[in-house]
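Based on the provided sequences and hints, a complete structural model is requested.
Line order of the protein sequences matches chains R and F. Counting from 1, one number per residue, gives the positions in the first sequence under the UniProt record's numbering. Counting from 1, one number per residue, gives the positions in the second sequence under the UniProt record's numbering.
One or more hints might be untrue.
[As the list claims (entries may be wrong)] Straight-line distance between alpha carbons at most 25 Å, and here's what the computed DSS-like set of lysine-lysine pairs gives:
hint	chain 1	residue 1	chain 2	residue 2
1	R	K79	R	K89
2	F	K227	R	K174
3	R	K375	R	K296
4	R	K227	F	K174
5	F	K108	R	K90
6	R	K108	F	K90
7	F	K282	F	K375
8	R	K79	R	K90
9	F	K156	F	K227
10	R	K356	R	K156
11	R	K156	R	K282
12	R	K156	R	K174
13	F	K156	R	K174
14	R	K174	F	K174
15	R	K108	F	K108
16	R	K156	F	K174
17	F	K356	F	K156
18	F	K108	F	K89
19	F	K174	F	K156
20	R	K90	R	K108
No lab work stands behind these hints, which were simulated from the structure alone.
Number of protein chains: 2
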Amino acid sequence: MKEECQARIACLQERLQQAELDGAFILYPIDIYYYSATRQNAALWVPTQGDPMLMVRKSLARAEQESGLDQLRPFPRSKDFASLFDGNKKIGMTFDVLPVDQYNFYQKMLPQAEFVDISMINRELRSVKSDWELERMRHGGVQLSRAFATIADLLKPGMREIDLAAEFESVLRKIGGEGLVRMRAFNQEMFMGLVVSGRSGSKGGFFDGAVTGQGMSNAVPFGASTKTIEPGQPVLIDYAGVFDGYIVDMTRMFVCGELDAQLQNAFDVSCRIQDCVAAELKPGAICSELFERSLKMAEEAGLDGCYMGPPGEQARFVGHGVGLELDEFPVLAQGFDMPLIAGQTIAIEPKFVFPKQGPIGIENTYVVTQQGGEKISVLSDALISV
Amino acid sequence: MKEECQARIACLQERLQQAELDGAFILYPIDIYYYSATRQNAALWVPTQGDPMLMVRKSLARAEQESGLDQLRPFPRSKDFASLFDGNKKIGMTFDVLPVDQYNFYQKMLPQAEFVDISMINRELRSVKSDWELERMRHGGVQLSRAFATIADLLKPGMREIDLAAEFESVLRKIGGEGLVRMRAFNQEMFMGLVVSGRSGSKGGFFDGAVTGQGMSNAVPFGASTKTIEPGQPVLIDYAGVFDGYIVDMTRMFVCGELDAQLQNAFDVSCRIQDCVAAELKPGAICSELFERSLKMAEEAGLDGCYMGPPGEQARFVGHGVGLELDEFPVLAQGFDMPLIAGQTIAIEPKFVFPKQGPIGIENTYVVTQQGGEKISVLSDALISV
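So this is what it looks like as structure tokens:
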């Protein structure tokens with residue numbers, strides 16, 4: 001892990017240098033894990049020149065065992081802060097996730113410092129995975145595929161969405177799934193994934209995706225509900241598998257009996273869109289153009305009115321970065337005009353949501369390569385009829 | 001829900017008035033759910049005088065179905081902000097959870113406004129549950145107890161912690177558990193709960209509790225691991241059941257075979273501490289004094305060296321508020337000198353962590369009443385031997 005951490009820190013320091021900053025406080029636990037290889041309660045100081053220092057609240061012993069960094073110490077007392085960081089005037093922080101009271105604490109500790117937002121730098125750096133990370137994500141893709149392969153045996157007509165979810169989640173946990181699906185955006189959250197069927201999958205929601213689900217209550221309004229799965233209804237299963245902290249995201253379609261021709265056609269279109277976008281996951285491709293191309297294919301199929309969400313709540317994206325968080329950069333979305341970089345990992349998920357019949361679509365996780373997307377959620381895309 | 005929301009908003013408005021504020025932006029989704037009965041992607045404006053307004057990004061249709069408020073509208077365009085909120089100079093926000101970039105957005109929209117931290121007000125208000133909330137939490141306590149009652153049939157010597165966790169979580173989901181355990185503190189997180197056994201349960205960690213667990217990787221360093229459960233080892237199972245969004249927290253002890261006398265004694269002490277603190281859960285009791293009393297009982301038993309954590313990482317609390325979040329007010333902790341209020345809901349969890357043998361303890365969730373704590377996690381506290 002030592003070399004891995006050194007390389008990540010070096011990339012961050014290069015960006016801090018370009019931004020003319022003196023250093024950065026990395027304070028969000030998932031970012032701390034990324035740069036230090038430990039997710040203990042800590043703050044990571046990365047000077048633009050020199051060695052980083054991990055300041056640990058709890059557990060220092062565990063951080064020392066786990067971390068790839070050389071310098072660790074207990075979190076400083078307030079009166080020691082100024083002397084430790086004296087001379088650092090411009091300091092980066094991730095304003096996208098840092099609470100105001102944390103910001104105020106550091107401003108009080110270092111009244112001379114000016115804090116600068118490095119959210120974009122951090123998200124860009126984290127979007128490109130190293131070989132070490134890709135090895136873990138490929139393993140996760142195989143494990144999640146193994147779990148999905150059991151669904152055909154679990155699904156029975158008349159069972160409740162929540163029961164299928166419970167059984168699938170148990171399979172996923174037993175093969176090592178860590179369960180906790182981390183999201184970065186302020187008002188987003190997810191619990192493992194979604195089992196939805198027919199109209200319960202067509203309901204709009206807070207979630208920034210095509211499908212939200214009914215959920216068990218208005219307090220947790222997403223995912224499986226107590227609705228029973230009836231013959232002929234599309235059953236959409238969308239889960240994030242978490243292994244070694246890394247997320248792989250995939251969706252497969254199931255039906256008890258047969259789907260009607262319209263839904264079957266929409267499924268075929270979603271697979272064609274996915275494959276077309278996946279083939280273009282090469283360095284330099286512009287994210288927003290990939291979304292526009294997918295939208296055009298939906299239009300040509302006459303399905304743009306229910307593309308990526310129920311009518312009136314359609315999302316304007318077709319893919320999103322995944323890694324330690326479910327909502328990483330890049331996003332294949334309207335307005336996201338950045339070029340792809342080799343080693344980025346992206347879930348492509350073209351979906352159609354028919355208000356009366358339910359949602360249908362496909363999703364796989366890919367690595368951006370010179371040859372186009374490398375599919376790491378290795379299971380067949382085929383719709384399964386039981 | 002309408003009366004429920006009106007009552008909660010009225011309490012908030014009273015506190016805003018006392019703080020001489022013109023209103024508050026409630027922006028954190030869990031707080032929005034508390035005051036409006038919908039957890040859609042939205043911002044809630046609560047003027048100190050007059051009716052609140054929920055401004056919804058997504059889904060407005062769903063928010064309209066769910067909310068107990070009268071005034072809902074789409075989230076305003078940037079150019080409309082100033083006219084909507086003109087004249088409001090001092091505005092409350094919860095700095096404990098609001099990211100800096102959100103704060104900056106509102107400051108840009110309303111350059112004349114001064115934003116003031118109302119985190120404490122919000123946490124105090126939310127700590128006292130209404131009859132409507134208590135009804136839901138009592139139901140959750142029964143459901144979680146039903147799930148715990150199945151563990152004796154699931155646990156077999158030689159099984160892995162993760163397999164027992166997977167099977168128990170499946171039971172919990174099938175009886176309606178929503179799974180998502182929300183935490184408010186910046187660097188805390190939890191996935192459903194912990195299955196730990198022997199030394200895997202003695203490892204320190206980032207988690208602000210007595211027990212963290214080994215977990216499956218350094219990226220998600222808590223909860224069940226692949227360690228097998230051996231005869232004679234204490235098996236500590238600590239889960240948060242989430243029903244209708246409300247959390248009930250409980251811990252029970254299990255063993256394959258028999259515990260040795262030292263561990264059995266520590267278990268008995270933890271139950272005595274719990275029962276003593278529970279009897280004092282009356283309005284007016286001072287939180288920190290309840291912790292001090294529990295610590296004194298641990299000292300008298302000669303067990304203070306491993307009370308509430310492994311040596312060197314001992315937590316200084318014996319209970320915490322629960323509700324929509326796992327880490328609510330009040331905290332029965334050193335330095336938390338506030339008096340209890342009737343209707344607060346508190347998990348009491350005296351635990352001992354022996355570095356070589358493992359953790360042992362008990363936990364139940366109680367309501368503060370004039371007669372002392374009402375236990376809502378209704379299952380017997382007895383240690384189960386299988």
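For each hint, the structure was consulted:
no.	hint	in the structure
1	R:K79 to R:K89	holds, 18 Å
2	F:K227 to R:K174	holds, 13 Å
3	R:K375 to R:K296	holds, 23 Å
4	R:K227 to F:K174	holds, 13 Å
5	F:K108 to R:K90	holds, 22 Å
6	R:K108 to F:K90	holds, 22 Å
7	F:K282 to F:K375	holds, 13 Å
8	R:K79 to R:K90	holds, 20 Å
9	F:K156 to F:K227	holds, 13 Å
10	R:K356 to R:K156	holds, 22 Å
11	R:K156 to R:K282	violated, 40 Å
12	R:K156 to R:K174	holds, 21 Å
13	F:K156 to R:K174	holds, 15 Å
14	R:K174 to F:K174	holds, 17 Å
15	R:K108 to F:K108	holds, 23 Å
16	R:K156 to F:K174	holds, 15 Å
17	F:K356 to F:K156	holds, 22 Å
18	F:K108 to F:K89	holds, 14 Å
19	F:K174 to F:K156	holds, 21 Å
20	R:K90 to R:K108	holds, 15 Å
In summary, the one numbered hint that this structure violates is 11.
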